[in-house]
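Colleague: Given the coordinates of chain Y, work out where chains G and B should sit on it, guided by the hints.
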Amino acid sequence: MAQSRLSRRKLLRTTALGAAAVVAAPYVRGAHAAGRLSIGFWDHWVPGANDTLTKLCQEWGEKEKVDLQIDYITSQGNKNLITIAAEHQARSGHDIIQMPTWEPLDKADALEPVDDIMQKIIAENGAASEAAQYLGKSRGKWVAVPATNGSQVKPPVARISLFKQHVGWDPTTAYPADGTNEELAEKWDWNMFLAAAEKCHKAGFPFGVGLGQTTDSVDWVGAVFASFGAQLVNEKGDITVKSDETRQVLDWFKKLVPFLPNDVFAYDDASNNKWLVAGKGALIMNPPSAWSVAKRDNPEVAKDCWHFATPRGPKGRYSPGLPYYWAIWSFSPNKSAAKSLLVHLSKLSSIEKMVAASNGYDIPAYAKALDFPTWREVGPPKGTVYHYPPRGKQIVSLAAAPAPPKIAAQIYTQATMTKMVAKCTQGGQSIDQAIAWAADELEGFMRT
Amino acid sequence: MTAVTAGELGGLKPARRGSIQKSRRQALFWSYVFLVIFAIFFLTPPIYMLVTSLKSSGEISAVTNPWWVYQPTLENYVELLTQNQFLVFFRNSVVVSVTVVAITMLISVPAAFALSRMKFWGSATLATGVFLTYLIPETLLFIPLFKIFAFLRDVTGIEFINHWWILIILYPTLSVPFCTWIMIGYFASIPKELDEAALIDGAGYIQMLTKIFIPVALPGIIAATIFAFTVSWANFLYPLAFTTSADQLVLPVGIVTTLIKGDVYNWGQIMAGSLLCAAPPLIVYAFLMDYYIAGLTAGATKG
Amino acid sequence: MAELAAEAVRVPAGVRHTSLQKFMRRRSTIAFAMTLPLIVLIVALVIYPAFYSMYLATLNKSMQRFVGLGNFEFLFRRATFWMVVKQSCIFAISAVFFKALIGFFVAHFVHTIPTKGQRKWRGMLMVPWVIPTAISTIGWFWLFDPSYSAFNWLLGKFGVDPVPWLGHPLWARFSVILVNVWYGAPFFMIMYLAALKSVPEQLYEAAAIDGANWFQRLWYITLPMMRNIIAITVLFSLIVTFANFDIVRILTAGGPVDQTHVFATWAFLLGIQGNDIPLGAAVSLFMLPILGVSAIFILRGVRRRTIEA
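Protein chains in written order, with the working numbering: chain Y, 1 to 448; chain G, 449 to 751; chain B, 752 to 1060.
Treat the hints as calculated values from the structure; they're not laboratory data.
Backbone N, C-alpha and C fix where the C-beta goes; we use that ideal spot for every residue, glycine too.
Covered stretches of chain B, going by a simulated chain Y footprint (3 or more residues, C-beta under 8 angstroms):
| no. | stretch |
| --- | --- |
| 1 | 807-817 |
| 2 | 895-905 |
| 3 | 911-917 |
| 4 | 1015-1029 |
Only chain Y is shown next, with the shape it has when bound in the complex:
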């Protein structure tokens, strides 16, 4: 399941039948004819999404006569990060590897520049989003191709009935499937989030928002930090964690934590999903994978789920973003084949298939790829993911930005922000102690 091989013989048989397909191959064939390509894709959380990606790759492989070996590497337990680090150290491994957030910039020295194919892709698909550019370009050059599969934001997913009953605010009227009720949406800020968390906690359905050390926790906490204007390290690499904004945001978390389940500090990327699907909580911050699994395993809960915009903070509305990239290792022996495959996967038609297969989970990076019907149509309830992609005046937040990539990567993998929150809540320390601890940690991240 997590791996598919295409035997060459079988390939030749199929391609012999349709020689026309070979002739119509889009990329300069010959340079990589009948090669072998190994790819490490991120293992999708939405059931069935991997199959579509495999099919897209096989299409290309048949055309180009390339044997493919596809591994789906889960982000659970940070298996993907271990794999990336191990391959980077060993300077060998897959030809193409899928990297989250800061990894492409952190490993830029070991990646094949992809500026050439990105020019073409952008010419066809429209400009890449700011977030995608921020993490995908090193010194103005693209080092990796923005991936469609897996690129996500983590806005709230709430149980409609529980919100109506206990919070008295209906996400489906504030964020209906065809637009936004600006007046109601305007109220949706972190203070209201706090009040809603309290009400739902009292009703026995606490919010399942994680404060652990994996991406789900780091991303949404990063967005809260950003919307309060709290930066750990600025773009020049100075430690700026000791600020009033940081104090404010930690103070907000101090108010929130008592209303959360008592083990949110041990949450991994699956815990919040399980919390929602089991029907135990009124809200989690997650892409539509939890809802997709609920559709299969607990349909009653799925029918009651609504995705909508992230709350607003003093400095704006930040949606917790987690862009993925397809990167080609510079030590790959098949760079041209790898580039050809990535061009194929970046075609609008391919992107549309991925978005559909993931129930709208995947958020493409390109301007022309943001209006597929999937987001309007999937359900039940119909339109539940319409507001999942950031619409309107939302900024995609990248946890640990704007720190320089090497430092940001450390902040991200070490989960410094969620640890700060844990220190001054569960750890019983004062806010200033937590900040001082963070400053000390950050100093350690400056190692070269």
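Modeller: Just chains G and B now, with coordinates in the frame of chain Y:
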């Protein structure tokens, strides 16, 4: 060793037979009570794993009584065993473990024989050294080994990392020292008259080893084999650090890193996979328990 | 050496000198050839990496510059490092203590019951030790799951609030140690059981006739007789528990907030995952002192055995 003789306890009052019997019965009663309690403690996780492995995803997500199966199903097992990926893990594990056992025996049996019977310069130090090696944990070695293999690749062009066979190179470092140590002990317990007799009959050292020592020390060899097998079946750190592609993984790491995934409710399958992974050592143990325990107690092993 | 002389005597006097030399040469060559694979294996894959690790620990993060003890200096200034030191000690000492304690008592109970049933009980109680740790830890992980914990379900039946098994630092440490004790106690049991069997029955009978109670028999007979085996088992277990990786990695991955990290898991996080191989190597080297001290004690026991042999 300070043995205490009954004489030192002489100050105590003599007791009547009846009370001894009564206290024995009481001791027996309480022993059983505590044994039952501890058996529950020791067996709860495997039993719970079995229970979960018989549930469908729907039943797990429905939050019913977790300790009971209402609609038992074998679908998790069927799915695993028909799915190529799990079988690949299984095959890798089997190939790695069997090869490692063979290599371990080929290295440690002759070495133990030489060290215990053919005393040569430095043999005593070497025997001790072998044992000390066993005390160096793999958690100390994986980082330098990682660098060494990367370096070797640059020199030789052979890729070591992310191939299952790297484990065949690595696991003997965990199994050989201890197996050699067990075998030294077993060989040492064989009477010296035997080899003298063999020498007089004109047997060479190799013949002496194959004709006399190996047959006589067979229980020790079986114990060492079991040890080598369990160590290479169960190791987690080396495969986690050195293999990543799904087709290169062995069972424990394969289960932990690829079966646990975003698809939230496949815990039934994870538990089924875990039990299938635990089965071979359990079966070996069930049949060869006495050898297994003999091996454990032969020298103190890792615990 | 004595046996050598004895063999030499058997050789006829005339050819004695040269053939003895040849014999010696043959014998030591064979012996050396037989141990050579072992030596190569140990030198190449254990001793060399161990020293290489020390060298790595003196480089900077990108491994291009020699920084001497800079990495250690860096570690000493980190609060997290000292926390990991503390946790490794707490983890190893308390886990070994409870393993030894439980193992001791269970061995005692097994020893008390009639010999006929002992095999069955022993077999059952050894199961945790036989299952690969990574596998049984997954089982525990599922028992501790935040939303589906079977323990919390049971507690809920008694009206007890759900326990954050892995979410609260104290509970997480407890859980990690619990799993380790669960896994390791059977090993102690089996070692102690073997030792108990070697205590002469007459001693107990004599003591019983003298009216010694249960505790006195334990204190004056069993413990002194088992002192050696207890010491060596505890030392062994200390080393392995100190260097443990699987349980912490799978159960908590060091969290919450690094409060369950031990040396091995932290070294893995820094070295492999965090791309800082020298720092990871430096952290793992901190296992050496405890290894050294234990090795000295164990060596004494081992020497004794070598002499006996």
